[in-house]
Amino acid sequence: LIDATHPFAAIISANAFDACQATQTPRLTLARPPWNLPPGAKLLEADDIGEAVQLLSGFAKRVLVTTGQSSLDVLADFPDIHFVVRVIEEPAGPLAGDNITLITGRPPYRLDDELALMEEHDIDALLAKQSGGEGTVAKITAAIRNRIAIVLLRRPLPEPGEAVDTVSEALLWLESRV
1 LIDATHPFAA IISANAFDAC QATQTPRLTL ARPPWNLPPG AKLLEADDIG
51 EAVQLLSGFA KRVLVTTGQS SLDVLADFPD IHFVVRVIEE PAGPLAGDNI
101 TLITGRPPYR LDDELALMEE HDIDALLAKQ SGGEGTVAKI TAAIRNRIAI
151 VLLRRPLPEP GEAVDTVSEA LLWLESRV
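Under my numbering, think of the first position of the sequence shown as 1, with each following residue one higher.
Since the hints were made in silico from the structure, they are not lab data.
Hints are supplied without guarantee of correctness; some may be wrong.
[What the hints assert, rightly or not] Once the Cα atoms are required to be at most 30 Å apart in a straight line, the calculated DSS-like pairs of lysine-lysine come out as:
(1) Lys61 <-> Lys42
(2) Lys61 <-> Lys129
(3) Lys42 <-> Lys129
Could you build all of it, start to finish, from the sequences and the hints given here?
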């Protein structure tokens with residue numbers, strides 16, 4: 001089994017780990033590398049959305065949030081910050097607070113569009129998951145270019161076992177077992 005799930009899909013990875021343990025199936029994690037921000041980037045890190053918003057509450061007024069729908073309830077507890085929340089699909093229910101503007105979009109995102117979005121909404125901070133990958137790196141690049149603070153949620157700890165960073169390494173692992 002090659003676990004190539006999203007870096008924040010901890011439950012799926014835990015289930016895959018348990019299933020492989022129970023069936024003695026070899027398992028490899030294909031983990032996309034995290035983003036490496038350049039020196040001088042205004043980077044803060046947090047373990048969860050609550051900690052991240054606490055950090056932001058000290059300085060931010062308008063934050064682009066790309067951490068998903070599960071963040072919405074926490075954001076409503078910080079009425080002094082306006083959150084522009086981008087989600088892939090609109091939530092089923094009403095928004096939790098008046099301080100949230102919801103926009104939808106699906107990766108990949110283009111740098112020009114991210115720059116325009118940040119300018120249009122007068123964004124002064126970005127809150128995102130440390131997902132890595134090319135499909136969503138434009139928001140990081142735009143934030144760096146605009147010299148705004150970036151708060152990244154740290155990845156959950158991976159399940160134990162062998163891990164690689166590239167598809168070619170995963171294929172070599174697979175070939176060695178066939």
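So, going through the hints one by one against the coordinates:
1. For the given pair, Lys61 sits about 16 Å from Lys42 by alpha-carbon distance, which is consistent with the 30 Å threshold.
2. A C-alpha spacing of about 20 Å is found between Lys61 and Lys129, which places the hinted pair at or below 30 Å, so the restraint holds.
3. In summary, the hint linking Lys42 to Lys129 is supported, as the alpha carbons are separated by about 15 Å, within the 30 Å threshold.
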